[in-house]
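Colleague: Spelled out from the first residue to the last, the chains are:
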Amino acid sequence: MPRDPMNDMHSEAWWMRALDGELTREEQKDWQAHLQQCPSCRQEWAAMTQVDLILRTAAPPPLLAEDFTARTVTMITQKQKLRHMLRFVVGFLIVALVAWIGFSYFDATLAVLVRAATVLISGRQILFAALMRTLVGLAITVKTLLPLIMGVAAALFLFLTPNSVLATVMMARYSQKKRARAAAAI
Amino acid sequence: MEEEWLLLAQRGEEEAVNRLVTSYQQPVFNLCYRMLGEYTEAEDAAQEALVKAVMHLHSYDPERPFKPWLLRIASNECIDRIRRRKPTVSLDGMGDDGAWEWQAGHSPNPEAEMLQNERQVQIRELMEGLPLLDRTIIILFYWEGLSYTEIGEATGLSISAIKSRLFRARRVMAQLIVEEGVYAA
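Going down the list, the protein sequences come from chains A and B. Mapping of the first sequence onto our numbering: residues 14 to 199, in sequence order. Mapping of the second sequence onto our numbering: residues 29 to 213, in sequence order.
A portion of the hints provided could be inaccurate.
[Claimed, not checked] The calculated EDC-like cross-link candidates involving lysine to aspartate or glutamate, where the alpha carbons are at most 20 Å apart (straight line), are:
#1 A:Lys42 to A:Glu57
#2 A:Lys92 to B:Glu43
#3 A:Lys94 to B:Glu41
#4 A:Lys94 to B:Glu76
No wet-lab data here; the hints were simulated from the structure.
So that you can see chain B by itself, here it is in the shape it has in the complex:
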């Protein structure tokens, strides 16, 4: 069924394009937001990734799951953007462009909101120490709920390589917690 409307989207059927965008826009945006940490840039990246995906649907293999393929395009887009902006942003990510300044939630409770905001900053600090590929794996595993196989599809890595990278990424973050007390529970 999905194959059919992906084909229609490839042919330029507006309804099918609309369906594709509606179905996948939030996961794509979530990945971009986690990677880039800034709402406007994440929205731009998500839009660019969706446009690229539809324009390159002819290169998608229908035998494989669509979501990891799409998220791979999105993560590549984010990695490109991070690499492009690196010279103008300080290493701790506190650049003038607001990079990594995660948005506050919409909690009616200001204290809870402040705590949540603080947590997001702490998560950002933990994530910053990771290579971009490991950061992508963490996001896909924890927040997009992808299986090891699907992460493999999205990153082009083997399952054992993903497990190993995931473990090492968590270990790096754990060491940061122990050594620098980045995160106070």
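So that you can see chain A by itself, here it is in the shape it has in the complex:
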């Protein structure tokens, strides 16, 4: 049957308890009796307690130089200032980089949008102008169709001029119908 290491006087656990002064009074008596009987334990115990004594009674290290605190604090504050400065510079560079990328992208996007809007508006204006010229030509040549031509011209004016009211109303009605169809399909 294996012995309990806590009660086995040759075990590390027992020796640790003995060195830390954790043995009970009864165990202490048993331990002293064992040391009397066991020469190897007695020799090792004497050496161990001597080590303990040597370490506990060692002379303290010398005191630090008087200017140590001032030198260390100066070094720390200098490093902290340097770190703050570095953080500021790195932060500034990051913000500048992000701003540069953002503005470049925004600028390019804006240019594309302006160009598209210009093409759209001028396209409608060119188409309107061409149709009006055709209608005027027709009106001159075929005078009897004048009321019809004037009606078509007014409709085109309403529909094709920029921000035309009719086009907006038609688009709104078209999208309403589309939504209604989609709802009906569901």
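Since the structure of chain A is provided, determine the placement of chain B on it from the hints.
Modeller: Relative to the frame of chain A, chain B by itself:
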């Protein structure tokens, strides 16, 4: 209270930094001196450890005790220095750079001073046989008066591992005393 001025030190308040350094410089230096055995190098290591600690205060957990955290930085600094200098220093530590030549005390009695000096050399010889981590544990336990829990905080080891390492370190030193008669009481 300590938490507050640690926070202020982290923000760079000079007064708080001064307070931190003043409060902990001697224990940090003591550890470095015991580890390195040479005054100038120990002073450099202590200064470096304190600077590192303040610059890394953001990684300190205020729920845990500060001193073991700081001593851990100091012991790591010393271990790095010992590892760096190993190729140029003989194994018995008697290198030209004066490593392990512990300083004499300031006793007015030259005989007592000589005896103390001799003892320090003997302690150094005993400590040299230990792995660096065990050496740190011995220093924290015997000379810094840290509890097992605090040594655990400083070394990252469990209490049972610390007890076991401490016991084995003492056993190694005891064997050295018995076998080689390193220390004559």
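Colleague: Compare the structure with each hint and give your call.
Modeller: A quick look at each hint next to the structure:
no. : hint               : in the structure
1   : A:Lys42 to A:Glu57 : holds (18 Å)
2   : A:Lys92 to B:Glu43 : holds (16 Å)
3   : A:Lys94 to B:Glu41 : holds (11 Å)
4   : A:Lys94 to B:Glu76 : holds (17 Å)
Violated hints for the displayed structure: none, as all numbered hints are satisfied.
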